[in-house]
Amino acid sequence: LAKTTQPISMDSYEGQEVNITCSHNNIATNDYITWYQQFPSQGPRFIIQGYKTKVTNEVASLFIPADRKSSTLSLPRVSLSDTAVYYCLVGEYGNKLVFGAGTILRVKS
Amino acid sequence: DSGVTQTPKHLITATGQRVTLRCSPRSGDLSVYWYQQSLDQGLQFLIQYYNGEERAKGNILERFSAQQFPDLHSELNLSSLELGDSALYFCASSVGGQVSYEQYFGPGTRLTVT
Numbered sequence: 001l002a003k004t005t006q007p008i009s010m011d012s013y014e015g016q017e018v019n020i021t022c023s024h025n026n027i028a029t030n031d032y033i034t035w036y037q038q039f040p041s042q043g044p045r046f047i048i049q050g051y052k053t054k055v056t057n058e059v060a061s062l063f064i065p066a067d068r069k070s071s072t073l074s075l076p077r078v079s080l081s082d083t084a085v086y087y088c089l090v091g092e093y094g095n096k097l098v099f100g101a102g103t104i105l106r107v108k109s
Numbered sequence: 001d002s003g004v005t006q007t008p009k010h011l012i013t014a015t016g017q018r019v020t021l022r023c024s025p026r027s028g029d030l031s032v033y034w035y036q037q038s039l040d041q042g043l044q045f046l047i048q049y050y051n052g053e054e055r056a057k058g059n060i061l062e063r064f065s066a067q068q069f070p071d072l073h074s075e076l077n078l079s080s081l082e083l084g085d086s087a088l089y090f091c092a093s094s095v096g097g098q099v100s101y102e103q104y105f106g107p108g109t110r111l112t113v114t
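Chains as they are written, first to last, in my numbering: chain B, 1 to 109; chain X, 1 to 114.
So that you can see chain B by itself, here it is in the shape it has in the complex (with noise of 0.2 Å):
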């Protein structure tokens, strides 16, 4: 499994975009890159997912370089209540999702 390296936290503002950066240097052919958000107490939620290039839902959008070794999480004009844990994960169906420490994300009026 691909090791990831993510900031352990981060502080926006509302209204801002934010850029979370994932590295994953030993990312595999048959790897997909993905994103969870996590509240507190609650279970994590999917956001995105992505492969290579750029993914974007109503959510966020994933931007991925050519050489797939790093991901970055773009959440457009954040508000308060985009505050969460965002991980990243990396691996292919049929390995067994492992979640690092995540990204602490604080939004700040």
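Heads up, some of the hints might be wrong.
[Stated by the list, open to error] Partial chain X-side listing against chain B, Cβ under 10 Å, derived:
{"hint": "1", "residue": "4"}
{"hint": "2", "residue": "6"}
{"hint": "3", "residue": "8"}
{"hint": "4", "residue": "35"}
{"hint": "5", "residue": "42"}
{"hint": "6", "residue": "57"}
{"hint": "7", "residue": "61"}
[What the hints assert, rightly or not] So the derived label-pair ranges between C-beta atoms look like this:
{"hint": "8", "chain 1": "B", "residue 1": "93", "chain 2": "X", "residue 2": "75", "range": "48 to 56 Å"}
{"hint": "9", "chain 1": "X", "residue 1": "51", "chain 2": "B", "residue 2": "9", "range": "39 to 47 Å"}
{"hint": "10", "chain 1": "B", "residue 1": "56", "chain 2": "X", "residue 2": "7", "range": "34 to 42 Å"}
{"hint": "11", "chain 1": "B", "residue 1": "83", "chain 2": "X", "residue 2": "71", "range": "36 to 44 Å"}
{"hint": "12", "chain 1": "B", "residue 1": "13", "chain 2": "X", "residue 2": "51", "range": "23 to 31 Å"}
{"hint": "13", "chain 1": "B", "residue 1": "58", "chain 2": "X", "residue 2": "51", "range": "17 to 25 Å"}
{"hint": "14", "chain 1": "B", "residue 1": "80", "chain 2": "X", "residue 2": "3", "range": "20 to 28 Å"}
{"hint": "15", "chain 1": "B", "residue 1": "69", "chain 2": "X", "residue 2": "67", "range": "39 to 47 Å"}
{"hint": "16", "chain 1": "X", "residue 1": "18", "chain 2": "B", "residue 2": "66", "range": "49 to 57 Å"}
{"hint": "17", "chain 1": "B", "residue 1": "54", "chain 2": "X", "residue 2": "7", "range": "17 to 25 Å"}
{"hint": "18", "chain 1": "B", "residue 1": "57", "chain 2": "X", "residue 2": "80", "range": "21 to 29 Å"}
{"hint": "19", "chain 1": "X", "residue 1": "110", "chain 2": "B", "residue 2": "7", "range": "47 to 55 Å"}
[Claimed, not checked] DSS-like, lysine-lysine: derived pairs with alpha carbons at most 30 Å apart:
{"hint": "20", "chain 1": "X", "residue 1": "9", "chain 2": "B", "residue 2": "52"}
{"hint": "21", "chain 1": "B", "residue 1": "69", "chain 2": "X", "residue 2": "9"}
{"hint": "22", "chain 1": "B", "residue 1": "54", "chain 2": "X", "residue 2": "9"}
{"hint": "23", "chain 1": "X", "residue 1": "57", "chain 2": "B", "residue 2": "108"}
{"hint": "24", "chain 1": "B", "residue 1": "52", "chain 2": "B", "residue 2": "3"}
Keep in mind the hints are simulated off the structure, nothing from the lab.
Quick caveat, the model's predicted, so the values are computed rather than measured.
Beta carbons: idealized from backbone N, C-alpha and C, even for Gly.
Position chain X against the provided structure of chain B, taking the given hints into account.
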């Protein structure tokens, strides 16, 4: 709301006891996963069931066991409880049998062992 339900929401019990946690997956999902989240260990995968059969195993202790019933709900049994078993236990579900990276998590059961 993910569509995954878990009961009970909270559970307080004593060391040495046995408890059962229940999970109902999203409609149409055949796989159920169990996770344990504690402050010192983070979110740990325990076990996966697919359509009634065990499919993948993670860091599940021998004192813990799980099963998935014909109606697809699942139960996680924890026995000979220790203080260190205090944690949030999450159930998740997905459609297929292979471990999926798009899982839908329930609200969790908070277990406190005293």
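- Starting from the hint list further up, note which numbers the structure goes against and sort them upward. Numbers 3, 7, 8, 12, 13, 17, 18, 19, 20, 21, 22 and 23 - these are the hints that the structure violates, sorted from lowest upward.
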